[in-house]
Amino acid sequence: MVIKTEPFILNMGPQHPSTHGVFRMRVTLDGEVVVDVEPIIGYLHRGIEKLAEGRTYTQNIPFTDRLDYVASMTNNLAYVLAVEKLAGIEIPERAEYLRIIMAESMRIASHLMAVGFFINDLGALMTPMLYMWREREKLLDLFEMVCGQRLTYNYMRIGGVSHDVPEDFLPALKRFVAEMPRFLDEYDQLLSQNEIVLVRSKGVGILPRETAINTAASGPVLRASGVKWDIRKADPYSIYERFDFEIPVGTVGDNYDRYRVRVQEMRQSVRILEQAIAQLPEGEVCAEVPHSLRPPVGEVYGHIEAPKGELGFYLVSDNSIAPYRFHIRPPTMINLTALKDMVVGWKVADLIITFGSIDVCLGEIDR
Amino acid sequence: MTLLEQFQLWLGGIWPGWAAYLVPAIVGIVVILAFILVMIIVFIYFFRRVLGRFQIRIGPNRLGPEGIFQPIATAVKILLKEDIVPAKGDKVIHWLAPLVVFVPVLMIFAVVPLGARAILTDLNVGILYVVAISSVSAIGIYMAGWASNNKYSLISALRTVAQIVSYELPVVLAILGVVLMAGSLSMTKIVESQSIPFILLQPLGFLIFFLGTMAEMNWSPFDLLEADSEIVAGYHIEYSGMKFAMFYLGEFGHAFVYSCIIATLFLSGWQGPLLPPVIWLLIKVVAVFFVMVWIRATLPRLRVDQLMAFAWKCLLPMAVINLFIVAAEMLWLSEITPWLLVAVNFVFAGVLVLLWSKLFNLGGGRVEV
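If you're matching them up, the sequences are chains E and G in order. Here this note's numbering is used: the first residue of the first sequence is 5, the next is one more, and so on. Here this note's numbering is used: the first residue of the second sequence is 2, the next is one more, and so on.
It cannot be assumed that every hint is accurate.
Claimed, not checked - Listed next, the in silico DSBU-like pairs over lysine-lysine satisfying Cα-Cα at most 30 Å (straight line):
| hint | chain 1 | residue 1 | chain 2 | residue 2 |
| --- | --- | --- | --- | --- |
| 1 | E | Lys54 | E | Lys89 |
| 2 | E | Lys8 | G | Lys314 |
| 3 | G | Lys359 | E | Lys206 |
| 4 | G | Lys89 | E | Lys8 |
| 5 | G | Lys152 | G | Lys92 |
| 6 | G | Lys78 | G | Lys92 |
| 7 | G | Lys152 | E | Lys206 |
| 8 | G | Lys314 | E | Lys206 |
| 9 | G | Lys78 | G | Lys152 |
| 10 | E | Lys237 | E | Lys178 |
| 11 | E | Lys344 | E | Lys8 |
| 12 | G | Lys152 | E | Lys8 |
| 13 | E | Lys178 | E | Lys142 |
| 14 | G | Lys359 | G | Lys314 |
| 15 | E | Lys89 | E | Lys237 |
| 16 | E | Lys8 | G | Lys92 |
| 17 | E | Lys142 | E | Lys237 |
| 18 | E | Lys344 | G | Lys152 |
| 19 | G | Lys82 | G | Lys152 |
| 20 | G | Lys78 | G | Lys89 |
| 21 | G | Lys152 | G | Lys89 |
| 22 | G | Lys82 | G | Lys92 |
| 23 | E | Lys206 | E | Lys344 |
| 24 | E | Lys89 | E | Lys232 |
To be verified - One-sided excerpt, in silico: chain E residues whose CB lies under 7 Å from chain G:
| hint | residue |
| --- | --- |
| 25 | Leu14 |
| 26 | Pro21 |
| 27 | Glu36 |
| 28 | Asp125 |
| 29 | Leu126 |
| 30 | Gly127 |
| 31 | Ala128 |
| 32 | Leu129 |
| 33 | Thr131 |
| 34 | Leu134 |
| 35 | Arg138 |
| 36 | Ile200 |
| 37 | Val201 |
| 38 | Lys351 |
| 39 | Val352 |
| 40 | Ile356 |
Note that these hints are calculated values from the structure, not bench results. We treat Cβ as the ideally placed atom computed from N, Cα and C, and that holds for glycine.
When you get a sec, could you build the whole thing from the sequences and use the hints?
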């Protein structure tokens, strides 16, 4: 006798512990096997792109904090770089270095959260994540020292950064940079060779090289699939040409590669931080920029390598104090489009970890 | 003769027969129940504190010295919560399920020896009784998953059946090794026959039993039934208030009872020098529980097909081999000194575990849809 079965639809989210925000997946399941996934987004839509058209260029900086709120500094950076490109502003040397220091610290903080949540999605009862948070907390303390905020920093300004760092910032940062590699080794030892982590994530949720390129994926998701593409090297912005670092790439494009790429990137970020601290010059931290900046008529696309991928801002100026058009290219939204290709045929548990390995932030997907 | 029987015999001289039988039995049951419930609360507190240490945080420390009254506050909070029943759920089964999960935990304690004579009833098939009763909880979990009318619960219920039925086999086979060596199914006899704890004589059997029980009581890395990152809370997602508390107590009750059984079967139970038997038992139980919490705090979860593969490809064949080894040793090597057997069995266990870890992998593949 053949038992008659039929697939059923499960609405995962928007309230679900592992959807990393208010994300919803309409999953069609055949028993445990995922047959179809339809991502449904928009629960966190705030209309930032439209709101930004009614505010001055400087007033828009806080909005960028609220895109990918796990990595606010890099969002600031991407936006101010785009505006500076549009208005042709030169910024002081020290500000460049401070921006790099903040961006790379932010990358470490964001990746810590990504790998922590990835292991948490694997079911490790919060423990690895809390260890990640112990390290991330140190970075948040540093950011708090600099700008008084722990989540939405609003630190970068058009023409530089808002203030110089306080005296005790650099010693604290040096201490962190010295400690971090040891922590990463400890972490690698516990988890990267863990039998269960390997058996759960190796070969699971493969994103082939071609598919990754065709979906315009970027960031660790793309690099895990074996594509050596990092905007810091491919289209260098700010002063990244001065630093010596490598681009870690994966081979297969499975969940384990995405996880490994992030861990390796943290090591590279530590390297960049070391060099930046050593080279940090004295001087001004912000150029003279008029309060009501009126960039010349024109359009610009500025992009950076944010922790989660290529974060781009497309700005159109009509020579008024507000941008005529303010468009964001959120990396994780575009990475998310590959989700279905990665998970169909795998189990529910794989769906969760694959989704976790993309490392989305709903703040920037819904905007 | 157990303490209870002695009490009954003594009362029999004064009271009529039925009262002399019934009153001591009720007293014994109440004492055991109180003991279990207190121990469950202690375990919950212990779990939260130890987990806090593992997770570089403090854990509950506000209420009372070192937060020891926190479980009581939690219990009061849970009792005061609204009891929610899903509108389209099966109400009777929804009501019954927590009981079916929790009551077997209490029933198992009838045969757990807390001391040489401190046991409610010394069944001559004690361990068989344990195996039989402990599987009943699976039905309760399945009922809860079905009655909740929730898709997450349903997935959890389906996993329950597969998981608990699969892990029953290696667990029972591992117990058989112990029974062979002890020559009895009675829990007290098993303890008494352990002049050397069976964990040393049968390391492989211990390993299989330990992992199997962790899977049966739904403990990480086998906690697929409530896998909170996948199916939210699994079978108890639609439960609140006291019904949820029953599941929660059931979970820790299972942890306590299985720790007791592991201590009894493999760690020579209440035996030990100087200290009173109950204290020795509790020391061993807490040690076992600590290892469980350690594992739970550290390891990620297996996937459902890997969980099945682990039971059928790894634990079951190893349990059969272990049984053969023990049987052969009982047949041919019963004359030699036991310490030699310990060495031989550790070598066997090491070789087998290494062999299996090299030969078999758990990774399931993608299914074409």
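**Asked** Looking at the structure, which of the earlier hints fail to hold?
**Response** none
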